[in-house]
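Top to bottom, those sequences are chains A and B.
Taking the numbering used here, the leading residue of the first sequence gets 1, the next gets one more, and so forth.
Taking the numbering used here, the leading residue of the second sequence gets 109, the next gets one more, and so forth.
A couple of the hints might just be wrong.
[What the hints assert, rightly or not] Cut-off 25 Å, straight-line C-alpha distance, at most; resulting in silico cross-link-like pairs (DSS-like, lysine-lysine): (1) A:Lys-57 - B:Lys-168; (2) A:Lys-64 - B:Lys-126; (3) A:Lys-64 - B:Lys-168; (4) A:Lys-38 - B:Lys-126; (5) A:Lys-37 - B:Lys-196; (6) A:Lys-78 - B:Lys-168; (7) A:Lys-57 - B:Lys-138.
Honestly, the hints are just simulated from the structure, not real lab data.
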Amino acid sequence: MEEARSELEREEDEEATELLRDRFRLSTISIVEAQAKKSDMEISEPIVACISDLAFKYTAHRNKHLASSLRSFCNDLKAKEIPSERKRKKASRKEDKASTSVVHIPDL
Amino acid sequence: MDNANTRFDPDLIHAIFKLVWSRTALEREKNEGADPLECEVGAATSKKNRPTSANANALKLSCELLRVFVIEAVERAATIAEAEGVNKIEATHLERILPQLLLDF
Chain A
1 MEEARSELER EEDEEATELL RDRFRLSTIS IVEAQAKKSD MEISEPIVAC
51 ISDLAFKYTA HRNKHLASSL RSFCNDLKAK EIPSERKRKK ASRKEDKAST
101 SVVHIPDL
Chain B
109 MDNANTRFDP DLIHAIFKLV WSRTALEREK NEGADPLECE VGAATSKKNR
159 PTSANANALK LSCELLRVFV IEAVERAATI AEAEGVNKIE ATHLERILPQ
209 LLLDF
């Protein structure tokens with residue numbers, strides 16, 4: 001039962017990826033053709049498809065790598081932060097909230 | 109001259125990012141599920157498991173980076189083709205510029 005569900009999820013995932021890849025390819029084709037025209041050059045269709053696939057994989061790979069780098073950097077910072085410093089920051093954030101809700105009554 | 113057709117749509121790029129993030133999150137869940145000791149951390153991991161997001165400026169910048177990547181690939185291959193005296197970019201021209209392009213980006 002679980003295998004069937006994960007198989008279905010995998011198929012849906014692949015379908016979503018294909019759809020996004022096609023849309024991405026269309027955008028890349030416009031950009032590549034515009035650039036080739038600017039350089040007064042022709043560019044063969046397989047090369048356009050190749051550049052598009054390369055850019056698509058680059059998007060996914062770079063994003064994954066960047067996200068994991070940022071996450072580990074964030075975790076490192078949190079691990080280095082002293083617990084008392086964390087409490088001080090929390091307290092100052094609460095004070096800021098409280099001060100904005102204070103009603104100032106002028107002296108008469 | 110830049111126009112709307114020569115840029116990537118931020119919504120499309122955002123959709124691709126979300127696909128990658130959801131896959132990564134699933135992989136992370138599977139790995140954490142395999143090690144029961146990790147699950148005991150409880151509240152401390154809830155922030156770590158927050159879904160990744162990107163603001164509008166990050167998406168615009170990503171679109172621009174990808175646009176530059178594609179344009180660089182074309183321009184560098186075109187330079188090689190021009191040096192060979194041909195006016196059509198072929199696979200061999202792209203092959204020659206790929207290693208440095210991937211290193212540069």
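Next item on the list: Could you tell me which of the hints above the structure violates, numbers in ascending order?
Entry: Per hint list: 4, 6 violated.
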